[in-house]
Amino acid sequence: MIGDWIDIGWVNEIPVRGSRTVPVAGGDEIAVFRTADGKVFALANRCPHKGGPLSQGIIHGHSVACPLHNWQIALATGEAQGPDKGCTPTIPVKVSGGRVLLCRASTLAAA
Amino acid sequence: MDFYEQDLSAVANDGAAARDLPHLVVIGNGMAGCRAVEELLARDAGRYRVTIFGAESHVNYNRIMLSPVLAGEKTFDEIVINTAAWYADNGIELIVSDPVERIDRDARTVTSRSGRTVSYDRLLIATGSDPFIIPVPGRDLHGVISFRDMHDVDRMLAAADKGGDAVVIGGGLLGLEAAHGLTLRGMKVTVLHIMPTLMERQLDEAAAWLLKTALEGRGQTILTGADTAEIFGDGKVEGVRLKDGREIPASLVVMAVGIRPSVALARDCGLEVGRGIKVDDHMVTSDPSVLAVGECVEHDGMVYGLVAPLWEMCRALADGLVETPTGYRGSVTSTKLKVAGLDVFSAGDFSGSDGTEDIVLRDASRGIYKRVVLKQDRIVGAVLYGDTADGGWYFDLMRKAEDVAELRDILIFGQAYASGGGRADPKAAVAALSDDAEICGCNGVSKGKVMACIAGGAHSLDAVRTTCKASASCGSCTGLVENLLALTLGDEVETGAKTMCKCTTFTHDDVRREIVAQGMRSIPEAMQKLHWSTPDGCSSCRPALNYYLLCALPGEYEDDQQSRFVNERLHANIQKDGTYSVVPRMWGGLTSPRELRAIADVVEKFDAPMVKVTGGQRLDIFGIRKEDLPAVWADLNAAGMVSGHAYGKALRTVKTCVGSEWCRFGTQDSTGLGVKIEKMSWGSWMPHKFKIAVSGCPRNCAEATIKDFGVVCVDSGYELHVGGNGGIKVRATDFLCKVETEQQAMDYCAAFIQLYREEARYLERTAPWVERVGLDHVKRRIVDDEGNRKALTRRFLHSQSFSQDDPWAERAGGADRQLHHPMAEFQPMTAVAAE
Numbered sequence: 001m002i003g004d005w006i007d008i009g010w011v012n013e014i015p016v017r018g019s020r021t022v023p024v025a026g027g028d029e030i031a032v033f034r035t036a037d038g039k040v041f042a043l044a045n046r047c048p049h050k051g052g053p054l055s056q057g058i059i060h061g062h063s064v065a066c067p068l069h070n071w072q073i074a075l076a077t078g079e080a081q082g083p084d085k086g087c088t089p090t091i092p093v094k095v096s097g098g099r100v101l102l103c104r105a106s107t108l109a110a111a
Numbered sequence: 112m113d114f115y116e117q118d119l120s121a122v123a124n125d126g127a128a129a130r131d132l133p134h135l136v137v138i139g140n141g142m143a144g145c146r147a148v149e150e151l152l153a154r155d156a157g158r159y160r161v162t163i164f165g166a167e168s169h170v171n172y173n174r175i176m177l178s179p180v181l182a183g184e185k186t187f188d189e190i191v192i193n194t195a196a197w198y199a200d201n202g203i204e205l206i207v208s209d210p211v212e213r214i215d216r217d218a219r220t221v222t223s224r225s226g227r228t229v230s231y232d233r234l235l236i237a238t239g240s241d242p243f244i245i246p247v248p249g250r251d252l253h254g255v256i257s258f259r260d261m262h263d264v265d266r267m268l269a270a271a272d273k274g275g276d277a278v279v280i281g282g283g284l285l286g287l288e289a290a291h292g293l294t295l296r297g298m299k300v301t302v303l304h305i306m307p308t309l310m311e312r313q314l315d316e317a318a319a320w321l322l323k324t325a326l327e328g329r330g331q332t333i334l335t336g337a338d339t340a341e342i343f344g345d346g347k348v349e350g351v352r353l354k355d356g357r358e359i360p361a362s363l364v365v366m367a368v369g370i371r372p373s374v375a376l377a378r379d380c381g382l383e384v385g386r387g388i389k390v391d392d393h394m395v396t397s398d399p400s401v402l403a404v405g406e407c408v409e410h411d412g413m414v415y416g417l418v419a420p421l422w423e424m425c426r427a428l429a430d431g432l433v434e435t436p437t438g439y440r441g442s443v444t445s446t447k448l449k450v451a452g453l454d455v456f457s458a459g460d461f462s463g464s465d466g467t468e469d470i471v472l473r474d475a476s477r478g479i480y481k482r483v484v485l486k487q488d489r490i491v492g493a494v495l496y497g498d499t500a501d502g503g504w505y506f507d508l509m510r511k512a513e514d515v516a517e518l519r520d521i522l523i524f525g526q527a528y529a530s531g532g533g534r535a536d537p538k539a540a541v542a543a544l545s546d547d548a549e550i551c552g553c554n555g556v557s558k559g560k561v562m563a564c565i566a567g568g569a570h571s572l573d574a575v576r577t578t579c580k581a582s583a584s585c586g587s588c589t590g591l592v593e594n595l596l597a598l599t600l601g602d603e604v605e606t607g608a609k610t611m612c613k614c615t616t617f618t619h620d621d622v623r624r625e626i627v628a629q630g631m632r633s634i635p636e637a638m639q640k641l642h643w644s645t646p647d648g649c650s651s652c653r654p655a656l657n658y659y660l661l662c663a664l665p666g667e668y669e670d671d672q673q674s675r676f677v678n679e680r681l682h683a684n685i686q687k688d689g690t691y692s693v694v695p696r697m698w699g700g701l702t703s704p705r706e707l708r709a710i711a712d713v714v715e716k717f718d719a720p721m722v723k724v725t726g727g728q729r730l731d732i733f734g735i736r737k738e739d740l741p742a743v744w745a746d747l748n749a750a751g752m753v754s755g756h757a758y759g760k761a762l763r764t765v766k767t768c769v770g771s772e773w774c775r776f777g778t779q780d781s782t783g784l785g786v787k788i789e790k791m792s793w794g795s796w797m798p799h800k801f802k803i804a805v806s807g808c809p810r811n812c813a814e815a816t817i818k819d820f821g822v823v824c825v826d827s828g829y830e831l832h833v834g835g836n837g838g839i840k841v842r843a844t845d846f847l848c849k850v851e852t853e854q855q856a857m858d859y860c861a862a863f864i865q866l867y868r869e870e871a872r873y874l875e876r877t878a879p880w881v882e883r884v885g886l887d888h889v890k891r892r893i894v895d896d897e898g899n900r901k902a903l904t905r906r907f908l909h910s911q912s913f914s915q916d917d918p919w920a921e922r923a924g925g926a927d928r929q930l931h932h933p934m935a936e937f938q939p940m941t942a943v944a945a946e
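Residue numbers (the numbering used here), protein chains in the order written: chain A, 1 to 111; chain B, 112 to 946.
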């Protein structure tokens, strides 16, 4: 299936305030997040600080706290918040008919 | 129903002049179709001859008001919008109970179910939407109905007459309205909602929690996260089965999971259709003679299910029809509703995103929650629960994109307060209050009393709270008290104890005390009652609240996995490269050939790059991938080993020396006691990690005097030590007391752990805790007061009866196992093409 969007599964497969990962052959793993209000975001699964797996952090509001050193990363932009500086690549993502779709071009670019 | 046809066609046949006008045929006799005609008539009543086809047998009624009809608050006659006289007076031919089934665009005709064919010059499709029926087995059973029109209401009323159990599938507005009506009609109602919170499209989590609590208070059962597997019954519905196996009996099932634009007619005749019938700014479809309006259309990528956009569409449509086009530009929607009699409002984007800020007001005692979302000093969204009076004002400010920087401090108090002129400064506002004005409603404290208390030397918030109790209960007046302090003392205000985090004005101790005092049972409840300023907390308060609730409600509180740090969620220690280390429990540091073999096998099988003996006498297997964790655990479980909790704010290890069994200096069986203590205390969650050691003689080979709880065996018994730490700041233990028997040593250990669990702040180790509260306090509670000691021990053992299920076995065998695996995998194009 080659299209502009890659179907990675049902939105319900991601726990609320949780995250699942999508490995990309030869590239950075992608972390897909689902927030308390039902929004879905996708970022490279890598904190701009020391590369911590953001998918394993605590998700609050539209931010995730990196599990390694508690950097707070904005899910919408990938930017570190507060005094910390750094940015993680974001991947456009949408939900259609309950399915989560990742932007193919960006997924490739991240790879 | 022939009544209308005869009556109205007589009117339409009235003059030959009408015959010559262009013919506008409207498919759909609902709110959109009729409103469009009303708008047209208001502009130019003599421009078109109008015929309306309706599928239902009624004149146009207000569909939004079906809920009050179901609830018995209104009759059908009261919700009619356009009476038969309106159709007659305006020369409109109304054809009811005869839906249009086909459109022939080439011939410009429509054909109805009864075979009637009518030609048109302009056609308006206003078919609205259809209820969405979830494709589960049993959806066709007798007794399964939707909630969309008057016919559905009649069927629900008939079912309610017989009483019994009803299940409503769908916790959105429609579902909750149906549930409310059926409850009032005497049925026992269960609402099933697939999402974790009710009305998630209109309400944030906090407001949804309030709504759920209120509805439950009215006797409804609300099951969220409830996924329907099947509706069962023999010929007629008998109940609903969920995917988790639960069965809920029901003689009536109302399916209210959502609506879909009704586009079949348009699609069949070849009009362009996306999610809805595609229209331009003048509500014209891909065929210039055909227009469409209402819930069935898609404009600029948007489909609307609310009534306000419909009015705006009808205005644009009518302007176009009379050739003075203005155009529809899409709608910014707000929802102001009474859900089952409870006031709810939401508008705009209230989910919050990057660059947005929240202003939150929670008034626990009145059940009020208000949240305004700002972006660059402009309102972008709002959610109100309980008091929606200012919804319109916020919505207005939002639509006009007004700069609210000036109002910011008082915005949340509403329009009346904000427009109070000179009261815009909150300090000035509190200064203007009279001495007998009430500051703290919970404890009935007036401004005069607070001022007297400050004058008497209470120079901090905490001091005021302890002296006159103002702001010591629900905390909603904290801001007022702070302003009074600032007003009286200027810069001399002593800032009180540190708050738990930026989400609250309360300290850890306040939060804990209130959780117990008010009997709070969930994180959203605590956040609501304690006026959290963020919608779902942050990474520091959520784990703390989760722990406090877990500690307060052993066996009852359902642990929130998403409020735990990664290590406690994955039951392993995350390492800098994102892999995990795994430590199986070895009771008292003892092991066996079988356990060692199993560990060796795991190391080889999963290619672990390193195994290390830890400081706590365990073996740590490094470099395990997240996906492999469940398999590693299963292998270790098979050899009889359980989680070592080396990752948790929990009992870590009980370190022992060999003791009297082997050692020539040993005075007691230190290994035996260590094993017993570990078996008693493993699995308990604590404010922070907790280490224990048992040494067999005062030479202290197990280093018991730098542990949280240490036992040093002597000839005459057991010396108990507490509050040691070998970490950043080394602290030797304090001597607690000496006891004579193993059982006493264990009982004191349990009591100490429980006191720490109940009194220490989250992430506070025993060393700083003992220093903060003083050793005397600990001694008084445990050594001097036998009754209290026994009660503590009993509470610990009770709590432990729920904590000693191996989390590894649970996770390796449970549904969460899949969370360790990637959701999907992606091969770049080349790989895909090669497949």
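Please note that the accuracy of each hint is not assured.
Claimed, not checked - For lysine to aspartate or glutamate, the following EDC-like pairs were computed, each having C-alpha atoms within a straight-line distance of at most 16 Å:
id	chain 1	residue 1	chain 2	residue 2
1	A	K50	B	D460
2	B	K354	A	E13
3	B	K840	B	E882
4	A	K39	B	D460
No lab work stands behind these hints: they were computed from the structure.
In this text, all values refer to a predicted model and were calculated from it rather than measured experimentally.
Flag every earlier hint the structure violates by its number, smallest first. 1
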